[in-house]
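Chemist: Work out the full structure: start from the sequences and follow the hints.
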Amino acid sequence: MTARLAAPSPSPAGRGRDPCAALGEAKLRLPPAQALLARKAWEGEGKVFPRNLALTLPLCGPLPLPPGAGEGAAPWRRAALALCPLALSACQGIQSALDPAGHQSGRIAGLWWLFLAVLAAIYALVLVLLLIAAFRSRRRRSLPPGPAFRPEEPTERRLTRGLTAWAVGTAAIVLTLTGFSYAVDRDILALGHRAELTIEVTAKQWWWQVKYDDPVPNRSFETANEIRLPVGVPVRVVLKSQDVIHSFWVPNLHGKTDLIPGRVNETVIVADREGRYRGQCAEFCGFQHANMALDVVAMPREQFDAWRESQLAPASAPSDDRSREGQRVFLTSACVMCHTVRGTTAASRVGPDLTHVAARPSLAAGTLPYSKGNLAGWIADPQRIKPGSQMPVVDLSADQLQSVLAYLDGLK
Amino acid sequence: MSPRDASPFIRRDGPALEEVETYARLERTWATPPGLWGWLSSVDHKQVGRRYIVTAFVFFLLAGLLALAMRMQLAGPEQTLLTPDRYNQIFTMHGTTMMFLFAVPVMEAFAIYLVPLMVGTRAIAFPRLNAFSYWVYLAGGVMLWVAFILNVGPDVGWFSYVPLAGPQFSPGKRTDFWAQMITFTEVAALAVAVEIIVTVFKQRAPGMSLNRIPLFVWGQLVTSFMVVFAMPAVMVSSSMLIMDRLIGTHFFNPAEGGDALLWQHLFWFFGHPEVYIIFLPATGFVSSILPTFARRPIFGYTALVLALVATGFLGFGLWVHHMFVTGLPHLGNSFYTAASMAIAVPSGIQIFCWLATLWDGRPRFATPLLFVIGFIVIFVLGGLSGIMLASVPIDSQVHDTYFVVAHFHYVLIGGAVFPLFGAVYYWFPKFTGRMLSERAGAWNFGLFFVGFNLAFFPMHILGLIGMPRRVYSYPAGLGWDDLNLLATAGATILAAGVLVFLGNVWHSLKYGLVADDNPWGAATLEWATTSPPPSFNFVHIPVVTGSNPLWEEPDGLPVVGGLRVDQRELLLTSVVDAEPEVREPSPEPSIWPLLSATAVTILFIGSIFTPWAVVWGSIPLAVGLIGWFWPKSAPDTPEPVID
Amino acid sequence: MERAPRFAADLAHLPTSAHGPRATTWWGTLGFILIEATGFALAAAAYFYLMGQTETWPPGQSPPDWLWGTLQLVLMLASLWPNWWTDRVAHADDLRKVRIGLVAMSAVGLLTLVVRAFEFGALNCRWDDNAYGSMVWVLLGLHATHLITDVGDTLVLTVLMFTKHVEPRRFTDVTDNCVYWNFVVAAWVPLWALLYVVPRVV
Amino acid sequence: MSSPCRRSVSLAVLAVLALAACDREEREPRGAPVGESGPQAIAQGSLYAGEPSPPDPRRQEYEGNAYHLAQGKQLYVWFNCNGCHSNGGGDIGPPLMDDTWIYGDSLENIFATIVQGRPNGMPSFRNKIPETQIWEIAAYVRSMSGQTPTAASPGRNDSLNAKPAEQRAPKAEPKQSNPGGPQVEGRQ
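Residue numbers (numbering that gives the first Met the number 0), protein chains in the order written: chain A, 0 to 411; chain B, 0 to 642; chain C, 0 to 201; chain D, 0 to 187.
No lab work stands behind these hints: they were computed from the structure.
Incorrect hints may appear among the rest.
[Said to hold, decoys possible] With a straight-line cut-off of 20 Å between C-alpha atoms, the simulated SDA-like cross-links for lysine to any residue are:
1. D:Lys127 with A:Lys239
2. D:Lys127 with D:Cys83
3. A:Lys411 with A:Leu330
4. A:Lys210 with A:Phe220
5. D:Lys162 with D:Cys83
6. D:Lys127 with A:Ser315
7. A:Lys239 with A:Thr197
8. D:Lys162 with B:Ala254
9. A:Lys210 with A:Asn264
10. D:Lys162 with C:Arg168
11. A:Lys239 with D:Cys83
12. A:Lys210 with A:Val167
13. C:Lys163 with B:Pro584
14. B:Lys631 with B:Pro253
15. D:Lys127 with A:Arg307
16. B:Lys631 with C:Arg168
17. B:Lys509 with B:Met434
18. B:Lys631 with C:His164
19. D:Lys127 with A:Val335
20. D:Lys162 with C:Cys124
21. D:Lys127 with D:Gly116
22. B:Lys509 with B:Pro584
23. A:Lys239 with B:Pro253
24. C:Lys163 with B:Trp629
25. C:Lys96 with C:Trp80
26. D:Lys170 with B:Trp611
27. B:Lys631 with B:Pro584
28. D:Lys127 with A:Gln399
29. A:Lys210 with A:Ala194
30. A:Lys411 with A:Ser315
31. B:Lys631 with B:Trp615
32. B:Lys631 with C:Glu166
33. A:Lys239 with D:Leu159
34. B:Lys631 with C:Cys124
35. B:Lys631 with C:Val158
36. B:Lys631 with C:Trp56
Computed from a predicted model, the values in this text were never measured in an experiment.
Modeler: This is the structure we're talking about:
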């Protein structure tokens with residue numbers, strides 16, 4: 000199984016000239032009347048275009064993405080994997096609980112493999128007993144209906160002893176498993192005391208607002224649908240919801256925790272190896288529950304610090320005329336009613352903060368990988384890509400769209 | 000019946016009355032009047048039970064079609080067969096219909112039909128309430144489906160979590176219809192539960208002391224008690240929900256002191272026992288079918304009864320395991336882990352007893368037994384994955400993923416639908432007087448078994464590799480594509496199995512072999528009467544001398560006489576030892592249950608649109624209830640005491 | 000049915016009506032009492048749950064005036080005696096006394112409804128003020144529903160006892176109605192405490 | 000729904016119900032994509048209170064639709080309408096839940112008021128809010144005084160209880176104030 004979403008690491012396509020952006024630009028440089036035709040052409044064979052096509056394109060993010068699995072596997076895991084080659088092939092991925100990349104997910108996966116081994120053995124035993132029970136007296140099948148015989152005393156006694164042993168055995172196994180489960184639970188919780196960094200995640204229908212807190216107020220900043228964290232550093236994640244219940248779940252790092260309006264929950268995540276992981280809302284939250292994902296990028300400390308500094312900066316000023324025009328359109332159109340671009344007058348907090356939108360791995364809460372072409376598709380027809388989402392179609396001419404694209408794509 | 004001097008002509012069954020005449024007189028007394036009016040006013044538990052069964056199966060098919068629609072949408076990534084809005088309605092309707100309109104009612108339906116026969120009485124307790132419950136259930140189900148067809152189908156999941164289901168985020172009337180459907184079905188379920196409890200406690204045949212009650216009846220008894228204690232929780236919570244939505248209360252509004260988790264506590268306090276409400280009757284099917292086809296008495300009767308009761312109690316202590324990821328204190332969660340795992344012990348005991356029965360028996364592989372074997376294979380797997388879900392850390396990963404979807408389908412289809420199909424094959428001759436085809440039965444089982452496993456086993460893996468539940472679409476490239484396609488293929492095979500079943504039923508109703516009284520050579524009382532049973536069930540009330548009466552008395556059961564044949568009369572016995580105590584009259588057919596149910600329907604549906612419907616709607620309801628209970632004839636003649 | 004039946008006993012001597020646990024209606028009444036008691040218990044649990052979510056209780060207002068609620072309590076406890084008496088004479092199948100008892104219980108029931116109306120009027124909140132208000136209205140409303148249904152039942156039974164339909168089974172109905180009234184009173188005691196005492200204690 | 004219509008009266012009734020309910024419960028994604036939408040139809044219009052104008056076909060689509068009304072309610076807060084009009088009781092801007100309509104009470108009038116702005120403080124939101132959303136907001140504004148079907152009007156919000164929800168709002172008989180009277184402002 001290959002994760003097309005996760006681009007192979009030193010992707011030649013991902014560097015230098017961005018092919019998707021080129022594609023998008025090429026199409027969008029058409030005069031207004033043809034923009035419509037172009038868009039229609041993208042839709043190809045009646046499928047929803049932008050998303051389908053976009054996903055077949057390589058990821059156009061700036062990040063070096065190491066391949067997922069394997070290296071740091073614990074011995075228990077290797078052993079278990081050997082036991083279960085069938086499952087193994089499917090285990091890996093950027094959104095898999097069986098491909099742990101963090102301390103907690105590792106412990107949980109270990110616990111799960113242990114449960115699997117014990118329970119599979121029990122299942123096998125039951126099946127064997129069932130087979131024997133069903134077929135040990137087959138030869139007498141031609142007997143007429145009705146009671147065959149009355150149970151014999153010694154058999155009853157033997158079976159009763161078996162029942163007692165069975166019940167005691169069940170209780171013992173279940174008790175043992177409860178013990179293991181409890182121990183892992185304690186171990187996972189203990190991590191919370193070592194958290195060095197705090198992130199506040201607020202779930203909204205249907206995206207994630209992420210705030211990096213800092214004791215120095217002007218060193219806090221906001222982003223959306225992406226979390227970056229330094230490798231090996233436990234991060235406290237404060238979870239809130241603005242509307243309905245959502246659930247924060249990055250399977251490669253940890254189990255889920257709900258975000259509940261009126262309550263504040265907390266979880267701790269830690270990534271033990273570099274990589275990009277995918278998280279997804281796990282509590283049904285309405286129309287676009289299916290497309291409410293976020294990217295979690297684990298990076299070395301220095302890279303993380305550099306990223307953090309870059310995020311603290313206000314948006315880069317537009318560098319050419321086209322972008323300047325784009326900024327003007329952005330600030331005078333409906334965009335400004337919902338979005339913030341720090342350093343400009345756009346300061347609404349209804350939708351995601353776009354200050355560094357072009358530096359994010361994905362668009363529309365993980366619906367599309369980021370590329371200029373995808374951004375164009377998303378702005379042009381958000382309700383086709385993500386029906387019911389809060390992003391409306393904004394009345395822009397194709398030319399205005401071009402300019403806005405140029406501007407937004409410059410917000411690295 | 001009029002004046003006092005008629006008393007010498009009172010007729011009772013007994014040696015003094017010819018068998019043929021007894022039969023004729025009982026038939027005249029108990030038969031449902033012919034025609035539409037008679038059909039509408041029937042209070043015969045067998046007719047009501049049959050209607051319940053047929054209606055529940057119709058809902059099963061409808062919800063199954065919805066499942067197929069979902070599987071088609073998910074067969075590949077990013078399909079656009081269904082819009083998210085439609086998909087959300089469909090999965091909500093699927094879950095709601097399966098849980099509230101199929102699983103619980105169909106189990107009750109079997110109880111309504113079989114429990115009076117199995118305990119050896121002429122009618123269910125409170126037969127008019129029974130008729131009323133069916134009409135209310137029917138009205139609730141039809142209302143929900145009409146709403147769905149009108150695009151007012153609920154779209155917030157069968158669990159309707161607030162605030163998504165609350166007034167702000169679920170505009171319009173969709174969720175209101177859901178909440179009122181709950182009220183309808185709960186009224187029906189609670190009524191049936193009371194009937195079953197009273198029937199089992201008071202109407203057992205003489206000699207059927209507690210330790211001789213068939214296990215199916217035990218299962219239904221424990222289930223009925225669970226209904227009594229669990230269903231009020233969902234009534235309370237759905238009422239709170241609809242009040243929040245319609246009259247502005249604040250139960251679930253955190254800004255005004257309410258709390259979203261209150262809903263989850265109340266809902267799962269009902270929702271978890273609900274699983275056992277579905278599963279325990281199914282264990283009753285298994286415990287009925289197994290001894291018949293293993294052809295030896297069930298092993299471990301006492302252990303099985305204790306396991307049922309233990310499951311009933313433990314079932315109320317586990318609801319929090321649906322809320323492990325809501326941020327509740329971890330220490331409390333661990334308690335619920337222990338409680339959830341503890342339920343494996345009674346379940347394990349049941350499995351062992353069934354295996355032992357089969358082991359020591361001389362099994363005959365008829366279709367009902369095939370379904371029971373399929374049940375064991377599938378249900379045990381579902382139970383074991385349930386042990387994984389009971390662990391807080393593992394649950395935090397697989398909660399609300401396809402792993403859970405796989406788990407509960409293994410438990411509910413494996414644990415309830417397989418035994419149910421077995422039960423249909425087993426009791427079909429009793430219900431209709433005809434046998435189902437064994438050959439088609441084997442095909443039915445094979446397609447069902449293969450299709451089921453193909454459809455649902457891959458979902459375990461899907462959940463573990465990250466696929467959440469309730470998504471209308473998923474991106475390509477996460478490794479979910481092939482497994483989803485496989486699941487869809489399995490679902491179509493499963494559907495083919497259902498088609499074979501329908502064909503088998505249709506064919507057998509017309510051309511099936513005519514069944515005799517006891518075609519399988521079973522041991523319980525329902526096989527002591529004709530197939531199908533007469534309106535009065537038994538010509539004479541049988542006397543029970545053991546746990547397997549028909550096996551222990553091969554020459555025919557002893558009976559008691561002295562019950563009137565010219566008036567509907569039941570024999571009441573004592574709760575523990577089933578000693579005869581009272582001969583009690585049983586109600587005649589009546590149209591009032593239907594009228595009252597209509598009044599209830601108007602009240603419930605009206606209240607979705609205006610709270611005043613509760614006030615004005617209560618007037619016809621009161622009229623209906625008074626009409627129902629008002630005595631219709633002059634008082635019965637006081638009977639002379641006979642020594 | 001080829002064989003002649005073996006009659007083990009003749010039950011013609013059994014009575015055709017009975018009071019208490021020997022009758023099905025008693026068990027039916029008990030079943031519905033169980034259901035409703037569970038409903039009350041869960042509503043009360045919800046009350047405590049919401050109380051635990053809030054700093055002050057009742058939030059931002061003083062506890063409800065307890066005059067009418069307490070009057071209701073006194074009235075209900077006092078009604079237990081005529082109820083008990085009616086039950087006793089119904090067991091004895093004494094029609095004249097049963098009529099007196101039922102008329103008295105109908106009067107008491109109607110009086111409790113009047114008091115309940117004043118109780119609603121004297122509440123310190125509306126149902127749509129906040130969660131506390133919603134909870135109070137639901138608890139009081141739930142109990143009022145039981146009052147209304149039981150008073151309605153009593154009235155119908157009273158009328159019935161003055162018609163030609165009097166027969167032994169009617170006395171069973173009267174005793175069941177008495178059992179149910181006891182439940183309505185028993186439910187009010189904890190609810191009264193919940194509504195009027197708990198906010199003053201916490 | 001159409002073919003069963005012909006079969007029997009009852010099904011026809013059902014179909015009529017269906018249409019009504021479909022309208023009320025439809026959840027339409029908003030707007031045509033860029034390149035397909037025309038110029039803003041009413042943006043240039045000059046509607047004044049009191050002048051009769053043919054009802055816009057969108058009236059039913061928005062006013063009778065629960066989803067659009069709920070969206071309008073959400074946007075009313077998101078776009079800070081409550082900053083001036085409070086929860087409908089009025090503050091800096093005039094109240095919206097009473098029976099007085101300075102610039103007309105029809106959906107089209109309110110739409111025009113939002114698009115064009117009005118003297119004494121009401122800004123123009125032309126090009127600032129997509130047309131579909133303005134329709135939603137306008138329809139919601141009408142629900143505040145009970146002008147929309149109660150079966151579609153919003154219920155209470157999960158927020159502090161300021162006033163009964165729109166679905167329980169008493170229906171006010173709209174009263175036009177002086178057509179030329181833009182001097183009316185604030186709480187009067």
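Chemist: Each hint needs a verdict: does it hold in this structure or not?
Modeler: Quick rundown of the hints versus the structure:
For the hint pairing Lys127 of chain D with Lys239 of chain A, the CA-to-CA distance comes to about 30 Å; that exceeds 20 Å, so the pair is violated. For the suggested pair Lys127 of chain D and Cys83 of chain D, the alpha carbons sit about 17 Å apart, so the restraint of at most 20 Å is met. About 18 Å separates the Cα atoms of Lys411 of chain A and Leu330 of chain A, which keeps this hinted pair within 20 Å; it holds. Taking the CA atoms of Lys210 of chain A and Phe220 of chain A, the gap is near 6 Å; set against the 20 Å cutoff, the hint holds.
Of the pairs offered as hints, the one joining Lys162 of chain D and Cys83 of chain D holds, with about 17 Å between alpha carbons and a cut-off of 20 Å not exceeded. At most 20 Å may separate the alpha-carbon atoms for a hinted pair to count; Lys127 of chain D and Ser315 of chain A exceed this at roughly 24 Å. Distance hint between Lys239 of chain A and Thr197 of chain A is fulfilled; the C-alpha atoms sit about 13 Å from each other, no more than 20 Å. Using a Cα cut-off of 20 Å, the hinted pair Lys162 of chain D and Ala254 of chain B holds, with the two alpha carbons roughly 14 Å apart.
With a C-alpha separation of about 15 Å, the suggested pairing of Lys210 of chain A with Asn264 of chain A holds against the 20 Å cut-off. Simply put, Lys162 of chain D and Arg168 of chain C have alpha-carbon atoms about 54 Å apart, too far for the 20 Å limit, and the pair is violated. Between Lys239 of chain A and Cys83 of chain D the alpha-carbon distance is near 28 Å, which puts this suggested pair outside the 20 Å criterion. Pair hint Lys210 of chain A plus Val167 of chain A does not hold up; C-alpha atoms about 52 Å apart against a cutoff of 20 Å.
With a C-alpha separation of about 19 Å, the suggested pairing of Lys163 of chain C with Pro584 of chain B holds against the 20 Å cut-off. Annotation: proposed proximity of Lys631 of chain B to Pro253 of chain B is violated, straight-line Cα distance about 53 Å (limit 20 Å). Our distance criterion of 20 Å between C-alpha atoms is broken by Lys127 of chain D and Arg307 of chain A, whose separation comes to about 32 Å. The hinted pair formed by Lys631 of chain B and Arg168 of chain C meets the criterion: a straight-line CA distance of about 14 Å does not exceed 20 Å.
Annotation: proposed proximity of Lys509 of chain B to Met434 of chain B holds, straight-line Cα distance about 10 Å (limit 20 Å). About 9 Å separates the Cα atoms of Lys631 of chain B and His164 of chain C, which keeps this hinted pair within 20 Å; it holds. The straight-line distance between the Cα atoms of Lys127 of chain D and Val335 of chain A is roughly 8 Å, inside the 20 Å bound, and the hint therefore holds. The suggested pairing of Lys162 of chain D with Cys124 of chain C holds, with an alpha-carbon distance near 14 Å, which does not exceed 20 Å.
At most 20 Å may separate the alpha-carbon atoms for a hinted pair to count; Lys127 of chain D and Gly116 of chain D meet this at roughly 12 Å. Between Lys509 of chain B and Pro584 of chain B the CA atoms are separated by roughly 37 Å; this puts the pair beyond 20 Å, and the hint is violated. Between Lys239 of chain A and Pro253 of chain B the CA atoms are separated by roughly 13 Å; this keeps the pair inside 20 Å, and the hint holds. Distance hint between Lys163 of chain C and Trp629 of chain B is fulfilled; the C-alpha atoms sit about 12 Å from each other, no more than 20 Å.
A threshold of 20 Å between alpha carbons decides the hint, and for Lys96 of chain C with Trp80 of chain C the separation of about 14 Å falls inside it, so the pair holds. A C-alpha spacing of about 17 Å is found between Lys170 of chain D and Trp611 of chain B, which places the hinted pair at or below 20 Å, so the restraint holds. This hinted pair checks out: Lys631 of chain B and Pro584 of chain B have alpha carbons roughly 14 Å apart, not beyond 20 Å. Only pairs whose Cα atoms come within 20 Å are accepted, and Lys127 of chain D paired with Gln399 of chain A is accepted, the gap being roughly 14 Å.
With a CA separation close to 16 Å, the supplied pair Lys210 of chain A and Ala194 of chain A stays within the 20 Å bound. The hinted pair formed by Lys411 of chain A and Ser315 of chain A meets the criterion: a straight-line CA distance of about 7 Å does not exceed 20 Å. A hinted pair counts as satisfied when its Cα atoms are at most 20 Å apart, and Lys631 of chain B with Trp615 of chain B does not qualify at roughly 27 Å. Taking the CA atoms of Lys631 of chain B and Glu166 of chain C, the gap is about 13 Å. The hint holds against a cut of 20 Å.
Between Lys239 of chain A and Leu159 of chain D the alpha-carbon distance is near 18 Å, which keeps this suggested pair within the 20 Å criterion. Taking the CA atoms of Lys631 of chain B and Cys124 of chain C, the gap is near 47 Å; set against the 20 Å cutoff, the hint is violated. Restraint check for Lys631 of chain B and Val158 of chain C: satisfied, since their Cα atoms lie roughly 15 Å apart, inside the 20 Å limit. With a C-alpha separation of about 53 Å, the suggested pairing of Lys631 of chain B with Trp56 of chain C is violated against the 20 Å cut-off.
Of the numbered hints stated above, those contradicted by the structure are hints 1, 6, 10, 11, 12, 14, 15, 22, 31, 34 and 36, listed in ascending order.
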